[in-house]
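Modelling step: build the complete structure from the supplied sequences, incorporating the hints.
Protein chains: 2
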Amino acid sequence: MKKLINAVENVLIEQLQGMAAAHPELTVNLDPRYIVRAGAPFAGKVAIISGGGSGHEPLHGGFVGHGMLTAACPGEVFTSPTPDQMYEAAKAAASDAGVVFIVKNYTGDVLNFETAAEMVHGEGFKVQNVIVDDDVAVKDSLYTAGRRGVGTTVILEKVVGAAAEAGYDLDACVELARKVNSYGRSMGMALTSCTVPAAGKPTFVLGEDETEIGVGIHGEPGQYREKLRRVDAITETLTHEILNDGPYKRTLREWDRENATWIERDMTDEPFKSGDAVIALVNSMGGTPVSELYAVYRKMAQICEARGISIARKLVGPYITSLEMQGFSITLVKTDDEILKFWDAPVLTPALRWGM
Amino acid sequence: MKKLINAVENVLIEQLQGMAAAHPELTVNLDPRYIVRAGAPFAGKVAIISGGGSGHEPLHGGFVGHGMLTAACPGEVFTSPTPDQMYEAAKAAASDAGVVFIVKNYTGDVLNFETAAEMVHGEGFKVQNVIVDDDVAVKDSLYTAGRRGVGTTVILEKVVGAAAEAGYDLDACVELARKVNSYGRSMGMALTSCTVPAAGKPTFVLGEDETEIGVGIHGEPGQYREKLRRVDAITETLTHEILNDGPYKRTLREWDRENATWIERDMTDEPFKSGDAVIALVNSMGGTPVSELYAVYRKMAQICEARGISIARKLVGPYITSLEMQGFSITLVKTDDEILKFWDAPVLTPALRWGM
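Protein chains in written order, with our numbering: chain A, 1 to 356; chain B, 1 to 356.
Simulated from the structure, these hints should not be mistaken for lab results.
Copies of the same chain are indistinguishable here, so a pair counts whether it falls within one copy or spans any two.
Here are the simulated DSS-like cross-link-like pairs (lysine-lysine), alpha carbons at most 30 Å apart as the crow flies: (1) K2 - K227; (2) K273 - K314; (3) K2 - K201; (4) K2 - K139; (5) K201 - K227; (6) K341 - K273; (7) K2 - K314; (8) K91 - K126; (9) K273 - K139.
Being a predicted model, the structure only gives us computed values, none of them experimental.
Structure, rendered in structure tokens:
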């Protein structure tokens with residue numbers, strides 16, 4: 001295992017110490033582990049808090065700052081953070097305006113964030129959970145029931161973070177977050193595996209000329225393996241899977257504050273259609289250079305244009321990664337005036353910065 | 001060779017087409033190849049132009065935009081661009097205020113940019129070349145005489161680009177650029193090799209547990225190979241090499257506009273000393289995840305603090321890469337009020353953006 005680490009058991013804590021040293025505008029708490037904006041809580045503003053297994057950097061810690069997340073809870077590599085991390089992060093970050101937890105759809109994360117929401121509710125804060133489930137590659141996987149949560153998380157955290165900064169109340173933040181999730185679809189692929197430090201060996205093994213189409217961000221299996229094809233052909237597969245995806249019905253679980261219980265209701269994503277404008281993310285899995293991402297962008301943009309989809313904004317780079325895995329993912333999120341306004345709003349975080 | 005490409009011969013052109021699609025605020029010319037800010041030339045402003053072999057993205061094309069480069073010339077992968085690229089880029093970018101060519105110290109680049117400067121001079125433009133030679137690992141290498149040009153290039157392009165934007169004239173831009181280069185030192189290391197598409201096989205071969213200390217950005221040899229050590233130990237080696245580096249004397253070649261000839265003079269870099277403030281770059285070679293860079297940052301910051309060096313600003317991420325190589329480099333650039341002012345100035349490029 002060739003990694004820039006000291007001892008396996010200290011990987012996460014030392015990386016967090018590095019973040020603390022590099023970003024004094026963040027407060028990095030090491031026990032329990034969370035990253036919170038210095039100066040939090042901010043009176044009258046909803047706290048937007050996310051978290052998940054580490055290894056997907058800059059997600060989520062790199063997105064803490066003005067106009068994006070108020071706090072983030074890093075779990076061990078590819079492992080959900082614990083409810084006490086989320087609860088302590090919320091206590092550090094929450095004003096009377098309440099807390100929205102942004103949760104990628106993996107079973108451990110969902111359960112732990114639900115427990116945390118109940119604890120935060122017990123402290124007297126308004127709270128709601130929003131699940132991101134945007135990966136069209138598989139329904140039900142090793143790590144989750146339903147679709148996995150991937151690249152739309154990045155777009156959602158930016159947009160909803162800006163809305164909270166602008167003074168949206170909790171219900172408005174939640175409604176916007178559910179809309180962004182409903183508008184977003186993603187799919188990824190891997191050229192190589194990655195190695196979790198504690199495991200010491202690759203999560204999976206691909207042959208010299210094999211790729212995994214539809215791979216998850218933990219290296220979990222996708223749709224199929226195939227011989228390495230040209231980038232245009234791979235990009236066509238992923239982009240068409242995203243654009244051809246039909247209506248997707250999910251069951252939302254919502255925290256009923258009045259009755260202190262979880263209730264369920266259905267919500268359906270509508271497919272993309274000609275005339276839509278999107279925010280596009282061409283994301284590196286961590287080990288793929290940005291130059292190759294631009295080859296992906298080229299073909300994706302051609303397909304979008306041919307299908308009447310206009311790309312209103314874009315990100316090209318490593319934003320939701322799988323350690324050193326080589327590969328990429330594409331995320332398209334339908335946009336509208338409200339989403340664009342908050343996308344363009346100033347942001348000041350380690351990994352996304354503009355307007356400030 | 002596992003890469004996101006179509007045909008080997010089209011790698012560069014298709015990546016440039018992707019950049020053009022993603023960044024309509026740039027004009028990407030394909031024959032000859034250069035990237036220039038839309039709207040150039042800008043009256044009264046010095047054009048800052050760089051270039052070099054491709055494969056180091058986002059350097060240089062990703063740094064074209066407001067407050068940084070006016071244009072960039074990408075060569076084939078790890079191969080110098082040609083004088084006609086530089087000449088055509090200059091004609092597209094230059095106002096009467098003239099042109100500064102920023103050149104990393106590799107023999108082919110230096111020669112071709114000198115030829116280009118003579119051609120640009122022949123067109124009646126004021127022109128000067130500035131060489132970046134900041135790599136303390138080796139003096140004289142496979143690719144160059146003197147020190148190689150690496151990470152200081154990123155800092156220099158930001159600072160001098162902002163100065164040009166603010167209206168510095170050509171001589172002032174050149175003086176500032178030479179100061180930044182004189183203030184900067186870098187060193188890198190590799191965990192793995194990289195593969196140039198046209199070669200189809202790794203540039204060099206490292207054993208399962210070997211690293212290359214002092215590696216160049218083309219995978220050229222460094223100081224020595226050794227067994228993989230802990231990240232703290234590797235970071236100590238690189239940081240101390242940078243901080244312990246003594247006075248470095250180089251011979252500058254300057255274009256004498258009056259006599260249309262190259263003249264030489266000596267310039268010496270002073271060592272770092274306690275009390276210095278620096279801009280620090282912890283750079284990924286392309287395949288190393290940002291999480292591991294923060295482990296490097298942690299130790300580097302501890303060493304700087306212990307030696308009385310304060311880190312005034314920092315960048316952590318992939319800024320000057322070697323395709324998919326795993327590894328990192330550290331660059332420290334002594335700073336002062338003038339450099340900090342231009343570092344903090346607004347910038348709007350694909351890879352660096354703030355204040356806009």
